Amino acid sequence: MLWIKNAYVIDPAQRLSGINDVLVKDGVIVKSAGSLQPADVLEALEAQRLDDVLQVEGEGKYLFPGLIDVHVHLREPGQEEKEDIRSGSRAAIKGGFTSILAMANTTPIVDNRALTEFVRLQGERAAMAKVYPIAAVTKGFLGKELVEMMDILDGGAVAFSDDGKGIQNAEMMRLALEYAKLAGCPIISHCEDDSLAGHGVMRKGEMSARLGLRGIPASAESVMVARDVLLTAETGGKLHIAHVSTKESVQIIREAKKMGVDVTAEVNPHHLIFTDQDVILTDASYKVNPPLPSAEDQIALLEGLLDGTIDMLATDHAPHTWEEKTRPFAEAPFGINALETVLAAVWQNLVLKGKITPDQVIALWSLNPARRFGLPGGTLRPGSQADLVLFDPEYREMISAETMETKSQNTPFLGQEMQGFPVMTIVGGKIRMAGRKLLDNKEEA
Amino acid sequence: MNWKHKDLLDLDKLTAEEIKHILKTAAPMKEILARPNKKLPTLRGKSVVMLFYENSTRTRTSFETAAKILGADTSNIAVAQSSVSKGETLLDTAKTLQAMKVDLVVIRHGSSGAAEFLADELSAGVINGGDGQHAHPTQALLDFFTMQERLGELQGKKIVIVGDVLHSRVVRSNVLGLKKLGAEIVLVGPPTLLPSEMNYLGVKTSYDLDKELPGADAVMALRLQLERQQSGLFPSIREYSRLYGLSQERLRQTGKDTIIMHPGPMNRGVEITSDLADSVQSVIEEQVTNGVAIRMALIYLLIGGTGSVVD
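Protein chains in written order, with the numbering used here: chain A, 1 to 445; chain B, 1 to 311.
Honestly, the hints are just simulated from the structure, not real lab data. These numbers were taken from a predicted model, which means no experiment stands behind them. Ideal Cβ positions, reconstructed from N, Cα and C, are used throughout, including at glycine. Treat the hints loosely; a few may be bogus.
[What the hints assert, rightly or not] Computed list of chain B residues with no C-beta within reach of chain A, every gap over 10 Å:
{"id": "1", "residue": "16"}
{"id": "2", "residue": "27"}
{"id": "3", "residue": "31"}
{"id": "4", "residue": "58"}
{"id": "5", "residue": "210"}
{"id": "6", "residue": "250"}
{"id": "7", "residue": "251"}
[Claimed, not checked] Computed footprint of chain A on chain B, listed as stretches where at least three residues anywhere in the stretch have a Cβ under 8 Å from a Cβ of chain A:
{"id": "8", "stretch": "89-103"}
{"id": "9", "stretch": "108-122"}
{"id": "10", "stretch": "131-140"}
{"id": "11", "stretch": "187-200"}
[Claimed, not checked] Some chain A residues close to chain B (C-beta under 7 Å, calculated; not the full set):
{"id": "12", "residue": "209"}
{"id": "13", "residue": "213"}
{"id": "14", "residue": "331"}
Kindly generate the complete structure, drawing on both the sequences and the hints.
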């Protein structure tokens, strides 16, 4: 049993935003209300003695539902040297994520029920953040045959995506949207037209010209966003657009929503924080796909996030080995590792600069993902799962390979001191991290 | 002037004075090249490594000749025969070179930034012999040297550069340097090879060669990778040549004794007609000679001592 006191509680689902106490028992939220007295607590928890209740002082800290990240690469099976499900789900807890959705582009690709169950079970064995598998849309990501969606759904998948690769064949995408109506869950689209993206390594523009790096035009993304929105409208399917990064994409999604198309979208914090102007020729940490946007795109992305066009934040956590990223820019793989640094990055660069409120961050990163993908969590409403994060906006930490749980180091924040970190993460009522230390003993609340 | 740079990666970090100092240093080097006995003891005991990830016999031989004339020992790491082709990373190669205590590395690499990457790792000097589409500073410097020999001070001179601007590292370094030296530059090419993002260079761009030729003091043709036609960047060699190829007749429009330049190797009949390439206006062979002189100057400045090199 748990009594978290005097924290600034944010729960957009209940429109809760203020100093409150929260009570947890048997893995669920029992009560969230204004300052409670010991007698109220004992009554609400049906406890005899206050000694049976773990009391956590939350003064000066925020308490919110655990963050849900719908876009994470865990690399297991197959590329465990980059990350495995255990290290990735530990990194998630350290970063304030109680649920993560694992993309299917592993080796082999998660395109059948057995592998889907493997990912889910590895997540359960790690006993850190909840790991939900996303399965492939097409067998082997080849874009030719649909996976057995219904069987895979029984294996625990919550969505389908060939993320890492756009589905180039429009008819295949149309069929996927049509068939996924059986499953009732969204197809997540990695919108990238290969013929336009070519062998580009950063956003095409003056900066790519200056650095002599091959550019990826913005149209490589937005052309496919337009296509997929039209196909969704035609089929009546559910579409979720991953990592939106161009102003044209935002505009298309805005229009689609007005037309009543069932489309949602996510944006990665790194696209809101960095632009192509930040790319350093000798630092492949800035090499991501989709590439860092232009300043104009970035403004449109933030606008889209604030006006509801873009529904959620997602990390696109993409760990790579140090050796792979220590290569000339054009030769290194795409991707930033994000789970452990991203909340601090958003806090420093967006919240503290007044671009977005803490309440909006929680809606975008917990409530909305839970609703779209039908996941438990996302709220502190009594009766719901006790997935919680206690966040200290003043806590400072130096980002280094030694302090990170992820196996990778590919973050532009390496070696920097950042501010604003979770100091306690609770999953299903169990404290998984306290005082920035992970707890493996599965302590009961 | 005391030379203070460890490396030569591009011309953006050099001042106009430093560029002029390199050109000034190259003049006596060229005189040495003309001597019957071309060997100096200046850099005896120094080691220069040629690390060429891309084939370029011309550039490599030019650097090697330059280093040898100055008395340095040179060695070659040709990628096809080295551990690099067995999967060794650039970082490991850098560590190996560091362990061998070499004094200077000349690198040619297909990836932009590779030279800077190497320079960050090595205490030895690094000369960028061309990296991706990014920079080719020694080519630019030899171009300046050649122009200056023929045209005098470059301040106010009109230089037209025509061809595949998008993919050319030669253009990027040339523009950076020529702007510092006060020249007027016009870049010309078809829109697919001269897209709007090249405006970052801050010089005039144009699709119409004939319109830009009047008044040009120098016209530089860029090498056209013929396979770009297959990628759809231009419809045919024939049309390219008609619109952007240099010929005697076309050059008359400048109204001057314009010099003709080309970084080589040329596609004769495509970027330039044979008779123009071999004409008195052409300084293409002179560029090659000056390449050795410029590289001697740079090697000397980066690992040489102070004092006069000629005595």
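*Could you tell me which of the numbered hints above are not met by this structure, giving the numbers in increasing order?*
Of the numbered hints given earlier, the structure breaks none, since each of them holds.
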